[in-house]
Amino acid sequence: MFEDLVVHSRIVVIGPQFSGTDVAARMIAHDTGHRYIDESLFGANDRRRFMDIMNDERIVVQCPEMMKLLLDEAVPGVFVVLLKRDTQEIATGPVGVTPYESARITYEYWSSHTKPAQYFELPYVSLARHPLFAELDDHSVRQATPDPMPAEGTKTKTSCIVATTPAAGGLRLCRLLERTGEFGSPKEYFNPQEATRRGFAWRLLPSRRGFPESYLAGVAAEGTGSNGMLSARVLWSHQRWLVRIGRAALADRHDHLTRTDAEVIGACLPSPTYLFVSSRDPALQALRWQIGQNRRFNSRGAGAGDQEAPDFQEVRWKEELILVHNHNWEAFFTLHDIDPYRVEYESLLRLPTEVVEAVIRWFGFPDSDPASAPEPPPAPEPTEWLELYRARRGGLRPLLHPNPVPI
Amino acid sequence: MLFSVRPYRGHFNPIVPLARAFRRAGHHVAVATAEDIAGAVTATGLPWLPAGINPRDATLVSGDENPDYGYAAVGFKVRDILEIAVEQFRPDVVIREPTDLAPAIAGEILGTFNVIFGVAYFIPAESWRILGADKAIAALRRDYGLSKDPDLECLYRDLYLTLLPGGFEPFNPLPVASSRRIRYVPWDGDGSASSVSPQPGGRARVLVTLGTVYNHDTDLFERFLDAMEGEDVDVVCTLGEGMLPPDQGQTRANVHFEQYLPHTSILPTCQGMLCHGGFNTMMGALCFGVPMVCVPLGSDQLFNARKVDENGAGIWLREEETSPEQIREAVRRILHDPSFAGRARQIQDRIARALPLPVVVHDIQTRARQRRTVEQSPLNQDLPSAGNSGRSS
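Note that the protein sequences, when read in sequence, are chains A and B. Residue numbers are given in our numbering: position 312 of the first sequence equals residue 312, and the series is strictly consecutive. Residue numbers are given in our numbering: position 82 of the second sequence equals residue 82, and the series is strictly consecutive.
Mixed in with the good hints there might be a few duds.
[What the hints assert, rightly or not] Each computed SDA-like pair below joins lysine to any residue, with the alpha-carbon atoms no more than 20 angstroms apart:
{"hint": "1", "chain 1": "A", "residue 1": "K187", "chain 2": "B", "residue 2": "R345"}
{"hint": "2", "chain 1": "A", "residue 1": "K115", "chain 2": "A", "residue 2": "R129"}
{"hint": "3", "chain 1": "A", "residue 1": "K187", "chain 2": "B", "residue 2": "E87"}
{"hint": "4", "chain 1": "A", "residue 1": "K84", "chain 2": "A", "residue 2": "P123"}
[To be verified] Derived list of chain A stretches under chain B, where covered just means 3 residues or more per stretch with a C-beta under 8 angstroms from a C-beta of chain B:
{"hint": "5", "region": "21 to 29"}
{"hint": "6", "region": "197 to 205"}
{"hint": "7", "region": "230 to 244"}
Quick caveat, the hints were computed from the structure, so don't treat them as lab data. Cβ coordinates follow ideal geometry from the N, Cα and C atoms, glycine included.
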């Protein structure tokens, strides 16, 4: 449909928000073989980054917010496509807001200004003739997006939540579980900072609408295995993020405010089963955590060797945090009458195959092979520092509590 | 860079451009706030780190103390920020809005460089005493082993950024050790259409708004609309989330209602604004040189309205004694007396000449770096010799 546009090396698609610029730009890119560039790549309205991109060739750029720039300052060598869509249709579209006035102003601006050297006006209705319309149309895409709270018949059937604290063995257990092929892809999907990175990678951010729903749908798509099992590693601090995002995703349900945190998690991650991974010795766990952090820091060339003494004050704070978060998990389980399957770090290290077999049996996957890809041996336990740390711990300052946590 | 705000859109939105400027400069940036604005934060693409409690929850745990600035509300957030620093990342700089007190204490414990981002006029120590915040701060400082601070100096360290143009701050100079006047960059969402046009037909356009917090005052909305009835102006009325036109069914030929319109889209097309004088509403209009009539309803609006009036960029009307006729007369004055638009444009120019954000970013990172070389965290002083290595960031 748009093959003839291939002669133009730089095509920009403009129009009011929600007029179909995204769909049209993707169609043009498909037909011309040019590279599609979403407005999120230049922050939607960052002129400098937009002009940098315009130095490139064979591109189709979706840039609804750049109309003023394109009309006011003639940008050379650009072919402009303006999406024409009925403003009432935009106002009553599926987006849940009424940007009628913005659309009206945008079209007024277009009609009252000198047009670019090369342009054409593309009626939105004509896009329906394109073979990709059903796949790309905004409304269709929204319909096709998996429900963030998967109902019966959807891909995700059950969930495994590896509830843990840092350096307690949760990551190791997740890797082992993933290798059985029964647990999907257990990752830190609800780490606030990782979630933002994923949000950009999945093209959900910056978002104008529905980030919680689309993010949870993305997690379900990425984390669910072929058997319908969705797994995730969840630290206590991630749990709070998950509950809030889950509650926002449930906002159109009448009871979204009265559901308990456990019910919200259950709505996002269906039929959740909790594995609680902890370490018998929080002091040793805190040392592992700190040394691991130093190792990562040093591996970036930012510090000295691996043998330096860990910062015992930091270790003290980490130990305190581990105790608090373990306590929080236990309180959560008690409050919501959850009986998690418990895995100890020490057992996992000593008998990984047996631990994974036991977990598999708990979930009812008797035919899995837990030993098919053994985990590499862990770094030696920092026992040489443990005694020294314990000797000094009493003189170190607490952090989180005005009244120190008894250690 | 850890940005910290209380969970209000009006407090969060103004920091977005600076947070993004830091991110563009290659810094790791996150926003610590409570759940109420989690959606707004994540929508910007900035990581949201849960911290503090929502105002409605604060009332449940505060007992007799001030639910906003008492020990419980501030203490919860201090602890959350400290947890973030231990578990997720250790900020070098904490940037907070003036009403968010917890980061001042947490930052002092962590030894960060602390910046106050003035999303309101300067709030002196005396105001915090009236609100009872001094007692909470004293108790928290005692419990965390910090030295006494009877003058509340911790609330004004290390750098104060004012967004207000000259003539709008109540103090000159500001009573702080270090301050900078920075450019206010209006931001009200990434979904805005930036293309705007003058109103066709030559009629003046007036924006009528009560913002997003005080927009439930339907009585004032009605008075605003009655005042504009029959006037030869094009009125765009933004209602705010969940609000219906105050007089449903009544046709107002010159009024166009919108649930929400980014002010950055509509203000460039306006010749006047009729509003409550909220900080961002006022600053948005001043950024575009639009004179305004302010009828303040609460919070800092009275102060804002008075300053707009004193600086000649608009007219301040008292809510309780303002009739539609008086409002109409005031709107006519700001539209027809060119001195109002002239003064508004002068202030617009002053805002534009304030420090641009990339310079602010450079300034803060330089100061923070200098600070780190001469000072250490109070918690890291007098530690055993093994205790000062491997600080993560």
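Evaluated hints:
1. K187/A / R345/B: Violated, at roughly 53 angstroms.
2. K115/A / R129/A: violated, 27 angstroms
3. K187/A / E87/B: holds, 17 angstroms
4. K84/A / P123/A: Holds. K84/A to P123/A sits at ~5 angstroms (cutoff 20 angstroms).
5. 21 to 29: violated (count 0)
6. 197 to 205: Coverage by chain B holds for the region 197 to 205 of chain A (3 residues, Cβ < 8 angstroms).
7. 230 to 244: holds (count 5)
Checked against the numbered hints given earlier, this structure breaks hints 1, 2, 5; the rest are met.
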